[in-house]
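Throw the hints in and build the complete structure from the sequences for me.
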Amino acid sequence: MSLLLILIIPILTAGAVLLCKTDEQVKWTALAGSLAQLGVSVALYFLFVRERAITGQESLILFEERYPLLSDAGIFLHVGADGITVGMILLTSFVLAAGVLASWNIVYRVKEFFLLLLLLALGAFGFFISQNLFLLFFFLELSVIPKFLLISIWGSGKKEYSANKLALMLMGGSALILTGILLLYFNGGRTFEIHSLSRVVFSDRLQQVVFALLFVGFGVFTALFPFHTWVPDGHSSAPTAGSMFLAGISMKLGGFGCLKIAMYLLPEGALYFSHIIIVLSVIGILYGALATMMQKDLKYINAYSSVSHVAFSLLGMGMLTQTAITGAVMQMISHGVMTALFFAVIGMVYERTHTRMIQEMSGLMKTMPFIATVFFISGLCSLGLPGFSGFVSEMTVLTGSWEKDSVFHRTVTIAAAASLVVTAVYILRATTKIMMGPPQLPGENAVTDANTKERSAAILLTAGIVWIGLFPAWLTALIKPDVQQIMKRIAGL
Amino acid sequence: MTEPGLYHILTLSALLFCTGMYGFFTRRNLITLLMSVELMLNSVNLNLVAFDRYVWPEKTEGLFFSLFIIAVAAAEAALAIAIIIHLYRTHKSIDVQEAEELKY
Amino acid sequence: MIYTVLVLLIVLFPLAGFLFPALWGRSLFKKSAGPLTVVLMTFSFLLSAYFAYLYFFEFGYQQGAYRRFLFPDIPWLEFSGALAIRMGAYIDAVSVMMLLTVTFVSLMVHVYSLWYMKHQERYAAYFAYLSLFTFSMLGLVLSSNIFQMYFFWELVGVSSFLLIGFYYQKPAAAAAAKKAFIVTRFADVGFFIGILILSFSAGSMDFETILHKLTTPGSDALNTAAAQTFLGISALSWGAALVFMGAAGKSALFPLHIWLPDAMEGPTPVSALIHAATMVVAGVFLIARLFPLYAITVPGVQEFIAWVSAVTALMAALIACVQTDIKRILAFSTMSQIGLMMLSLGVAKYEAGPVPGYTASLFHLFTHALFKSLLFLCAGIMIHFVHNNSIWKMGGLRKYLPLTHLFFLAGCLAISGIPPFSGFFSKEEILLAAYRNYFPLYVLVLITSAVTAFYMFRMYFRTFWFYNLKGPTEKETEIEVPALIPLVLLAIGAVLGGFIPFGNFVTSDGHRMPFHFDVRFSLLPVILNLAGIFVAMWFYKTKNKRSDIVQEKAWKLYLLLSEKFYVDHLYEFITRKVIFQVIGRSAAWFDKNIVDGMVNLSGEATQYVSAAFRKLQSGKVQLYALYFLLAILALALITILK
Amino acid sequence: MTDFFLLLKNELGLCVLLLFLLVMKISGRDNASFLLPAMQWLLLFNFVFSLLFNSGGRLFGGMFDTSPLLAFQKAILNLALYLSSLLFESWLRKSAHLAEFFLLTLSSLLGFFLLISSAHFLMFYLSLELATLPVAALAGFAPMEKRSSEAAMKMILSAAFSSAVLLFGISLIYGLAGTLYFKEVPAALKEHPLTWLAVLFLIAAFAFKLSVVPFHLWTADVYEGAPASVSSYLSVISKGAVAFVFVSALHKIFVPLKGQIQPVLLGLTLITILIGNLFALRQQNIKRFLAFSSITQAGYILFAISSLKAESFTPVIYFIIIYIFSNLAAWSVASVMSSSAGKENQHDYAGLYYRNRFLAVALVLSLVSLAGIPPAAGFFGKWFLILQGASAAKGIITVFVALNLILSLYYYLKWIWVVFQNTNAGSDTITPTRMEKTGLILCVAGILLIGFWGDLYRYIVELVKPF
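Protein chains in written order, with this note's numbering: chain A, 1 to 493; chain B, 1 to 104; chain C, 1 to 642; chain D, 1 to 467.
Hints may be right or wrong, so weigh each one.
Distance windows between CB atoms, simulated [stated by the list, open to error]: (1) L12(A) / E100(B): 48 to 58 angstroms; (2) T606(C) / A75(B): 41 to 51 angstroms; (3) Q359(A) / T606(C): 30 to 40 angstroms; (4) A16(A) / T575(C): 50 to 60 angstroms; (5) L629(C) / I441(D): 38 to 48 angstroms; (6) E360(A) / H387(C): 51 to 61 angstroms; (7) W453(D) / A16(A): 22 to 32 angstroms; (8) I574(C) / G492(A): 46 to 56 angstroms.
Hints listed in this document are in silico derivations from the structure and should not be mistaken for laboratory results. Every residue gets a Cβ at the ideal spot worked out from N, C-alpha and C, and that includes glycine.
Given below as structure tokens:
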């Protein structure tokens, strides 16, 4: 199977959407495209596992394809997938399909909406499979305009401010990434190919500088404290599918970059900054959780909680142990699905109650039991209940962190673990407030439970978190060789 | 009193150039501004001719260059005056400070 | 192989009982969820009974001791090296006993709920949750891996949350559910870190290996672990103490007990199952699982456990004396009894051969499960009849609820340790263990026991005697026949359970332990207990004002007790005032004003600078030329100066 | 003799066009309905023709120097002019002096062609004047328009001033080197304090034409006052040509002074990008906004130039091609909006998407391209500029340049946001003509496709290699 299929399907779907006449056609086309993408991604997983078994060499990048694009300048359309990539692609397809389903009730400028959504997805898919730094940066930037427009046109609240803030802060991150890439290019023998760069031995000083640039740059995308402030505003102003994508996928681009670019190419830099990363991510974990406690708007709650959760994956990376990094990747995937589900449900609630303020809602369990249940499930996943993906990944990160046998590492691990309580507090506070209590029927609106499309979206994502939560072994097996390779590079110093 | 040498002439042309600039910075009448620019150009001519005479006596490029400058300056002046006339039609004035609508 | 299938089936039946009503509870199983789960639970119970039979009498007893078996043992999630979460069933006498207890009580509660929850909204959901709980609890008791136990530990927590908050429209229920979850969650973080310490010290997460490595004196793991200290206490002690913290949270030991009384907002059968018989004793079970570790490696922590449990036992008993809500009295009594069980583990000295304290603890766990669930189920009938929880609203119920009266009395006698009821035997052994190893605690246990007798009979007399309730206008049936069965069975258990030779089955090392009975030793506690009962009778048998007088005289003490030693207030202060108002608010403030402020500031600063530079573009062509010249001069100057 | 025609073919082509215009003017056939389509076709032929039969050589005693690379640069400018003739059709059609417009533009372009090929300072000066003066006349092209005449005045005065400064520098160089041939100057330049002053004067003149801060001050005023078509000419063709010349001048003339020039250029780069951004931030008038945006772009071009390597030709040429498509599209939309109802302010663009989707998409894409966001070609262009600049600059400077992308993104996004804003600002219909549509489609296609057209980049690299 050609990996380019992963790119072609969204492009074709976008083209088809462009040709559609009615809104209904647009929606069905987008759905068909995203389901096809989902199918291809699942197929990719199985093919990947089979291929890996055949080749025997576990840490290989498979399905590689390389076409010259601007080859004189070192730019190739070079794609390939390793285990982490496959995991990310699966995640993105899940969120995309669910996002399309969750956006079924969009009535305003339907065609443009789905077009932008597909473009956003294209950026993410391309980013994950790029094996060339230029290509990677291209896809990273590709999503700037879709994000901005999705928020500023279909958003709510102070959408202009949020859209700007998001776009500009992410641009700042990109600027740092750009510089980092260029420094790598000039010092690494004038090539953008990740594979070639990985063989170059960079000087320690350069590694430190470039690592800082790349890690902070990607860190902005993944809400590294203190560069996280685009997250709450951006997520809360975005339309449902936008938030799902922003929190579920876009933030993961950063994490993926931190791991697969910054840490992989610059192991010495990773070692050098390990402590700082750990401190920042622990601050992010606790501080995000504490700030969440004070939020009253559901989307803000989830946005701040995303800051806290994503910091777990950064913590795992900073710990530089096999288990912790494995946990970091799992946390990215897990959080992606979970937060998408959360935002989807918040969107459903908002559509029915026209408010996102928790004090204005009560007893939704009575009026919309399905939505309430899903809300509760995503909350439970968020607070790390066994059986859901959050538990597995957070525990893996923490266990991996514990491997480091020093007072510093142990202390921060305990601090990070303490956030689990805070998470429970804010999740349950929100959940009990809006789901339980006497039902407050919002005035004139006849409240209905989720419709088929919404149900499908919710079930799709719930299946994802339960699947990972109950059978995590497939995921660890998938990413293990790649993490091992990163570890090998770090340990080789 | 010795015969004037290169440096005298260069100093003179530099002074001329500065005078032109000073006029350009301070005068308000557009025609005067134009004349100031002509002064600057003339100082350049002076330079070129002097270099030809004192430094590179075997060459004539400076001489020819100054001829071209004079010609082009004439064309430039013609065009500038046309524009100034146009400005006068629209602004009823050829004071440079009257035409400051476009700013910031 | 057959055993594996058996164990799996025992666990999977409740899981099915959760899944079917959960997925199709609104359509297919709207009415039939109850019977369905009852049938499934019956299978589960019968299989576990059969399995227990097989274990105790067929394959478990080999070469003079009960052996341990790992039935299915599947790697679930591998960390690095030897650290892995494995999902397995750890079969030994304790877990088989627990299996039997859990499935039995659960089945009883299921059956009882058929009557009790009839016509309730979310009927199917209720049974789904019950089954989910049973499934998780079974997973917990079968855990072969400490992380696996944590997994199910959390799952029982959430089932408990769901069931406490079952009447979700009641704000109090929602708050109680939340509180229960958060408090236990807090303890669980300690548990989790304890797990990390222990399993990293032992290099494994399996109970078997942990116990082996960390209790063999002189082993490498033990030496390295002992070398690490934190705040002057060895890492292993920390680990063990933190694991106990988790146990304390789940088992509602002081100071993590505050959630249990509130948890009584849930439906009464749930209280019987979860908050009396099974889930709350998970802590005891956990400590029992790791008993050798505590007893051999960290005796300091063990002593600590003993004291904490003693304090809990006495404190809860004292508070129970002034409570008015029938379920809360039972809840405090549960706390107190769990304290006793834990205390028994805390005082048990490790010795070659079976440890009596260990057996005593689990014996009490077993009998307590029977009589406490009986008491709760009776309380359910009473509440159902009176439509109120307060014992002040009851009185003279013996006329209206004759059967309940009988059962309740049996339960009260059992818990008060009156021979020959079951509680007597188990409590006797605890007393014996304390007496042998730690005399001050023996005194505390004696007092607790007497107080227990007092408050139980205070409740009994106040509700069934005292004065005659004005008879209900319409004739209400006491109870339907199906719901009667569990009461009868449990009552039989409560009365006769003590005669089971428990030491023959469940001991610390698998060897059988002969049963001792010494009348001279039993005399003192029984007299004290009887004294407690008589005091209660004097106060409450007939309508009088004696209790009020005492209450007025000792109002300070009364207030202290009725406010539960102000522990709740302290928590309230810490969470609301400190964590929310100070830490949370300042974090939010910091984010909004400082971090976000920096971003906005940089935006505004840019705008400001932009505005400040505006003058540069003055519109004056002469100035443009001047700047042109100045720029050249500046460049020249800079390069020359350099 | 064939050499003469072959080497001068681009210039001669323009001369033919000029002659044609003169004849038409004299014969009175200068009505728009005939002349405009004719010119459009002729310019297209001219462009195609300029792509063919390119070779290198010298003429006029070495004062004129051409090569396939230079010819390609001219072809790019031809393309830009052709696109302009399509994109500003409605304005041109309205204009009373169509023939004069083309006469002046073509002469100016001729000047730029000669400038590109000049190898001697005299040639350089003459062609520069030839290129500049007509544009000053063009700036005042709007009849009886106050702002237009002010713009023309500012343009001519500034240009005269800067050329005086340039000439002073040239005269000093002559005095120092004794030659005015580019290729002889470096060898003859002596270590002398005046050398540096002369070089600074020359750089200042280039900076003035390229609108580099602080020599940029005329830019915004002139762009705003002049008709959109003229501004676009200034911002695209003039800037592109000067950038080409600057690269080759730096490479040919100032070789010995590289070490001293580089910090100057880097300093100018930083200040240009920053100030351009800061000013663009607050502009409400689209023409003024595009002016500052073009100043910032000039800063990025300068960044690539500051590497002072021959390879810097590649990104500059590549970027200019992309810039032509992006910037001309933006100017064209501005022109359509302006000529339909004199709308030049930001709020006039509110909800453009809902009034004319075509124009809005073209504008948004061009802004996206100018901002350097993929998939628009501007991303590729800017990437190569920064890459080239970074090859010589310190990391910290690269970070600064890259961080400025945030600022520029801010104002481009602001305009994009306005375009999509859902207000009922105006119900008047804005309709571009068919040719304008064609031109915009060409531009949009260019914006979307050039980045992925690897052969183009390779072609430029090949062209630059022998240089």
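How the hints compare with the structure:
no.	hint	in the structure
1	L12(A) / E100(B): 48 to 58 angstroms	holds (56 angstroms)
2	T606(C) / A75(B): 41 to 51 angstroms	holds (45 angstroms)
3	Q359(A) / T606(C): 30 to 40 angstroms	holds (37 angstroms)
4	A16(A) / T575(C): 50 to 60 angstroms	holds (54 angstroms)
5	L629(C) / I441(D): 38 to 48 angstroms	holds (46 angstroms)
6	E360(A) / H387(C): 51 to 61 angstroms	violated (33 angstroms)
7	W453(D) / A16(A): 22 to 32 angstroms	holds (25 angstroms)
8	I574(C) / G492(A): 46 to 56 angstroms	holds (48 angstroms)
Hint 6 from the earlier list is the only one contradicted by this structure; the remaining hints agree with it.
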